[in-house]
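Chemist: Letter by letter, the chains look like this.
2 protein chains.
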Amino acid sequence: MRKNYANKCVFLTLTDYFRITGRMTQKLHRQQQVFINDVSVDCVMFGFHDYQLKVLLLKWPGANAWSLPRGPVRRTEVIMDAAVGMLHTTTGLDDVFVQQFQTFSRPSDRWTETSKNEFSATANPHLAASLIAVGFYALVDFERVRPRVQGTFQWSEIADLPDLLFDHHDLIESALLALRKDLRYLPIAKLLPSKFTLREMQKLYETILNRAFDRRNFHKLLMSYDFLTKLPEKKTGSQNKSPHLYTIDFDKYESALQDGISY
Amino acid sequence: MRKNYANKCVFLTLTDYFRITGRMTQKLHRQQQVFINDVSVDCVMFGFHDYQLKVLLLKWPGANAWSLPRGPVRRTEVIMDAAVGMLHTTTGLDDVFVQQFQTFSRPSDRWTETSKNEFSATANPHLAASLIAVGFYALVDFERVRPRVQGTFQWSEIADLPDLLFDHHDLIESALLALRKDLRYLPIAKLLPSKFTLREMQKLYETILNRAFDRRNFHKLLMSYDFLTKLPEKKTGSQNKSPHLYTIDFDKYESALQDGISY
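First to last, the sequence lines map onto chains B and Y.
Each residue of the first sequence is one higher than the one before, starting from 1 at the first, in the working numbering.
Each residue of the second sequence is one higher than the one before, starting from 1 at the first, in the working numbering.
The following block holds chain B by itself, in its conformation from the complex (with noise of 0.2 Å):
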């Protein structure tokens, strides 16, 4: 076949010939150079508020259903890096707990017609179809949280969660099972507000491992531990008598953690 060819000639323009290399070459260009094609960070952030362990979702602009944060990574950056990164624009903070979980694929063929149709065609690269996901969790201040990308956010109860894209919802279920698994050595503190009771650090344990603990033994164990300072104030507006509120000595906390805190 390729013989035939040589003798024969095609005329084209210089706009035309750049044209069809230059879209392949701008095609390669975009799938080598800048981010890892196929790979995306996916990340679930657990926030506690009103009792409630929940999670940060959003909609971006043009998509119309509800997600995880996520983002590329580029090719010259740590994919905890991007991890970091995508948190810091999402969500306002730099100082989260960040943890790699689990890293999840999305087999072509496999693709539900909605995601291939609402994201294939896009621009957006946090929107692009991906087929690895590496997901990671963050533990987030839920008051401190301000979006810093454009979108609809929402924090939503895991157990009232809305219908979400890809497999967001493995995501978030492997997420728990995960913090479970890891929680005597991490800092699910973070997850309260920088003064808060007893009780509140208590019914966090309880949402997490979905399970009731006797209120004297938990606080006797929480006291246990010296990275627990009780402070002058009380809380305000609860229901049964003000409880006293506490806050908590991050580098006793870091220490405490390193030998695991058991319940």
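Read the hints as simulated data drawn from the structure, not as lab findings.
Predicted model, so just to flag it, every value in this text is computed and none were measured.
Even for Gly, the Cβ is constructed at its ideal location relative to N, Cα and C.
Fair warning: there could be bad hints in the mix.
Claimed, not checked - A short, non-exhaustive set of chain Y residues, derived as facing chain B with CB atoms under 10 Å:
| hint | residue |
| --- | --- |
| 1 | VAL78 |
| 2 | MET80 |
| 3 | ASP81 |
Guided by the hints, dock chain Y onto chain B, whose structure is given.
Modeler: Positioned in the frame of chain B, the structure of chain Y alone reads:
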């Protein structure tokens, strides 16, 4: 600029034209259609032999250094299948315990000259450098491994590894940490031959955890679970008196692992 090209022409033989566009198309095709570009599965295969925890290393034909077994991921497969398939071709086994533990990144600007030179040119997908490595570890019965791929193999003691390609030293270290963390839920008896002595099992735990157990207490602990079956046979060729051989009831073992085996 574009405007000036409009009236100018380029004369290409069809051969040239196809050579130029074809090469680009091929490159796009190779990148997009079969494998997920820039992603590999890299596997730390643990084996236990001579009271030592060992790792399977291989030297691919054409490579001049050792590395962990690794392979590409097809765009149509789940990562776990890629890992299991690679394990199967590497060891000849298909009932291996495999666990994803962490995903590593190797930003393109941090590649060492060695790995760049060695791997960018080759067509062997096992040798191609990848920006993202999804790390798995596997528990492998040392005695049953029969490699099915070309290359040189060796079991290397963890304390005495040779120089390795890529970030494979980091991978092994992280895999060992993950193994320790998950120990109580892991079927690590899969590292033992089908018949083993209690001393071998104790040594296995000691090696992984890098600490010593009291023999009597450890044996008492093991026998408190009902998954071990004492065989009439004894191990011959031991230095001391011949110890009894044991075998494992994997159904009972699996259910004991659900709750975690404490040590």
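Chemist: All the hints need checking, so say for each whether the structure fits it.
Modeler: We went through each hint and held it up to the structure:
The interface hint given for VAL78(Y) holds, since its Cβ lies 5 Å from the closest Cβ of chain B, which is under the 10 Å cut-off. A hinted interface residue such as MET80(Y) counts as satisfied when its beta carbon comes closer than 10 Å to some beta carbon of chain B; here the least separation is about 8 Å, so the hint holds. For ASP81(Y), the interface hint holds, since its Cβ comes within 10 Å of a Cβ in chain B; the closest pair sits about 9 Å apart.
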